[in-house]
Structures are given as structure tokens and as C-alpha cells.
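Put chain W on the given structure of chain R with help from the hints.
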Amino acid sequence: QKEVEQNSGPLSVPEGAIASLNCTYSDRVSQSFFWYRQYSGKSPELIMSIYSNGDKEDGRFTAQLNKASQYVSLLIRDSQPSDSATYLCAVTLYSSASKIIFGSGTRLSIRP
Amino acid sequence: EPEVTQTPSHQVTQMGQEVILRCVPISNHLYFYWYRQILGQKVEFLVSFYNNEISEKSEIFDDQFSVERPDGSNFTLKIRSTKLEDSAMYFCASSEVTSGSPVEQFFGPGTRLTVL
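In order, the protein sequences belong to chains R and W. Counting with the numbering used here, you get residues 22 to 133 for the letters of the first sequence. Counting with the numbering used here, you get residues 692 to 807 for the letters of the second sequence.
The set of hints was computed from the structure by calculation and includes no laboratory data. Where a beta carbon is used, it is the ideal one built from N, C-alpha and C, also for glycine. One or more of the hints may lead you astray.
Claimed, not checked - Simulated crosslink set (BS3-like; lysine-lysine; CA at most 25 Å straight-line):
hint, chain 1, residue 1, chain 2, residue 2
1, R, Lys88, W, Lys733
2, R, Lys63, W, Lys769
3, W, Lys748, R, Lys63
4, W, Lys733, W, Lys748
5, R, Lys77, R, Lys120
6, R, Lys63, R, Lys120
7, W, Lys733, R, Lys63
8, R, Lys77, W, Lys769
9, W, Lys733, W, Lys769
10, W, Lys733, W, Lys774
11, W, Lys733, R, Lys120
12, R, Lys120, R, Lys88
13, W, Lys748, W, Lys769
14, R, Lys88, R, Lys77
15, W, Lys769, R, Lys120
16, R, Lys77, W, Lys774
17, W, Lys748, W, Lys774
What the hints assert, rightly or not - So the derived label-pair ranges between C-beta atoms look like this:
hint, chain 1, residue 1, chain 2, residue 2, range
18, W, Gly763, R, Asn74, 26 to 32 Å
19, R, Ser116, W, Thr767, 24 to 30 Å
20, R, Gly75, W, Gly707, 50 to 56 Å
21, W, Ile711, R, Gln101, 37 to 43 Å
22, W, Arg771, R, Tyr115, 44 to 50 Å
23, W, Glu759, R, Leu32, 37 to 43 Å
Just chain R, with the same shape it has in the complex (with noise of 0.2 Å):
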């Protein structure tokens, strides 16, 4: 059973669109969620964290949580070229806080 479920893309967005990424997962019991984004050959960088439901906003980027639906979203404001990656959902266990779980990604195109 997966756990973390994005949609793999490519998701393809003109340059000072909205970006606008999911994702679901499978335990009712996923305490934190997290945004990561890697570039190619790189390793995760990570975006923005949310843990209460509804929006956070951090510059040009806005998680969004939806527990009851087991949702949680980026959106990306202004997309640049340099926005180009995989963005990775991650949550983490009430039961195992220490350990995230990432999801597959979804890669996000910006074409000028």
C-alpha cells in the first residue's frame, strides 16, 4: 500500500503561472508534512513544513493541509525557470517522528 501518492508529471506551467502540486497519503495517523524539492543528481531541499490544517504561506510558496481529506498541496506563485524540479511530499508517523516518508514526486516544467 503506498503511502505517499503524487502524481508523477510531467507537470508543465508557463513562466509566472501558478504551480499548483498534490498530494494524498495513507495514514490517518501522519502527524507533519513537508515539501522537498531536487533538482537533478541533487539532493532534497526542503520548501516549506505544515503540521495544523490550512494554508502557510512562505514567499511565492503556499502549502496547503487538508486532514480530513487526507490531502496536502504547493502551490508556487510567479513560476520561474528556476523552479524546474521534482517536488517531493513527505510526511512523518505519529508512531515514528524521527523517520519521513517520501512520496514518488512530481516533476514541475516551467517553460519561459
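For chain W alone, kept in the frame of chain R given last:
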């Protein structure tokens, strides 16, 4: 800005040989982790380490793997007898000890291990 560092960036070894991957976590962090990513696959948790002992490990982290904090700054992952399927990127991560908010883990640049 403080960051996690890892050495070497690329390690090539023969099957059956032992390798040690090294990491220097962020200086005020107390939780340390190892993850791996096989080419084209998900990032997978291997082990977490706190207060000089393993706090959690995955099924992947079997007897051929061990971790150690040999001094006040380094955190190592040893693979005793490497197999072809151990070829992957190995990421070290660290986090502060926090409660009541997400425990954010910060990743190093990784070591690419190639087993021939």
C-alpha cells in the same frame, strides 16, 4: 547558513568490500539520519540516531549496516560487505530536537556509491 556536509561525493568500490560514508551534521542539531535513493526511485529512510544510539531503523538497515558518531562532529554509515544493489545516493540529514512543531530535517549533498 549552516549546512550538512558529506564525504566523499562519489565512492566506487568492489562488491564485498567495506565502505564508510561520512557526514558532518549541522552543529546544534542532535538528531541524525541516513537515507538512500536508488537511481530513479524514492528517497528511503535507513536509520535515525539520537543520544548516541539508534532510535529507529528500517527493514533495509540490516546487519551489514552500522552507524557511529566517533567524535563530536562526524556521523558515519558503514556498509560491511557491499552488494551490487547497494549502489545508490546516500543522504545524511540532521534536525534540531523540537516538540509541538514539525521536526524539519536538512539534507547533505549526498554520496554516490557505486558497487562494481
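Checked hints:
1. Pair hint Lys88 (chain R) plus Lys733 (chain W) holds up; C-alpha atoms about 23 Å apart against a cutoff of 25 Å.
2. Between Lys63 (chain R) and Lys769 (chain W), the direct Cα distance comes to roughly 22 Å. Compliance with the 25 Å bound is thereby established for this hinted pair.
3. In summary, the hint linking Lys748 (chain W) to Lys63 (chain R) is supported, as the alpha carbons are separated by about 24 Å, within the 25 Å threshold.
4. Between Lys733 (chain W) and Lys748 (chain W) the alpha-carbon distance is near 17 Å, which keeps this suggested pair within the 25 Å criterion.
5. About 23 Å separates the Cα atoms of Lys77 (chain R) and Lys120 (chain R), which keeps this hinted pair within 25 Å; it holds.
6. Between Lys63 (chain R) and Lys120 (chain R), the direct Cα distance comes to roughly 20 Å. Compliance with the 25 Å bound is thereby established for this hinted pair.
7. Distance restraint check for Lys733 (chain W) and Lys63 (chain R): the Cα-Cα separation of roughly 13 Å lies within the 25 Å cut-off, and the hinted pair is therefore satisfied.
8. The suggested pairing of Lys77 (chain R) with Lys769 (chain W) is violated, with an alpha-carbon distance near 39 Å, which exceeds 25 Å.
9. For the proposed pair Lys733 (chain W) and Lys769 (chain W), the alpha carbon gap of about 21 Å is at most 25 Å, so the pair holds.
10. At roughly 19 Å between alpha-carbon atoms, Lys733 (chain W) and Lys774 (chain W) fall within 25 Å of each other, so this suggested pair holds.
11. Taking the CA atoms of Lys733 (chain W) and Lys120 (chain R), the gap is near 14 Å; set against the 25 Å cutoff, the hint holds.
12. A C-alpha spacing of about 19 Å is found between Lys120 (chain R) and Lys88 (chain R), which places the hinted pair at or below 25 Å, so the restraint holds.
13. Of the pairs offered as hints, the one joining Lys748 (chain W) and Lys769 (chain W) holds, with about 14 Å between alpha carbons and a cut-off of 25 Å not exceeded.
14. Proximity of Lys88 (chain R) to Lys77 (chain R) is assessed by CA-CA distance (about 14 Å); at most 25 Å being required, the pair is judged to hold.
15. Proposed proximity of Lys769 (chain W) and Lys120 (chain R) is supported: the alpha carbons are some 20 Å apart, at most 25 Å.
16. Distance restraint check for Lys77 (chain R) and Lys774 (chain W): the Cα-Cα separation of roughly 43 Å exceeds the 25 Å cut-off, and the hinted pair is therefore not satisfied.
17. Only pairs whose Cα atoms come within 25 Å are accepted, and Lys748 (chain W) paired with Lys774 (chain W) is accepted, the gap being roughly 19 Å.
18. Between Gly763 (chain W) and Asn74 (chain R) the beta carbon distance is about 40 Å. The supplied range of 26 to 32 Å is therefore violated.
19. A beta carbon spacing of about 28 Å between Ser116 (chain R) and Thr767 (chain W) agrees with the range 24 to 30 Å that was offered as a hint.
20. Taken as a hint, the range 50 to 56 Å holds for the pair Gly75 (chain R) and Gly707 (chain W), whose Cβ atoms sit roughly 52 Å apart.
21. A beta carbon spacing of about 40 Å between Ile711 (chain W) and Gln101 (chain R) agrees with the range 37 to 43 Å that was offered as a hint.
22. Take Arg771 (chain W) and Tyr115 (chain R): their Cβ atoms lie about 33 Å apart, and the range 44 to 50 Å is violated.
23. Checking the proposed 37 to 43 Å range against Glu759 (chain W) and Leu32 (chain R) shows it holds: the Cβ atoms sit about 41 Å from each other.
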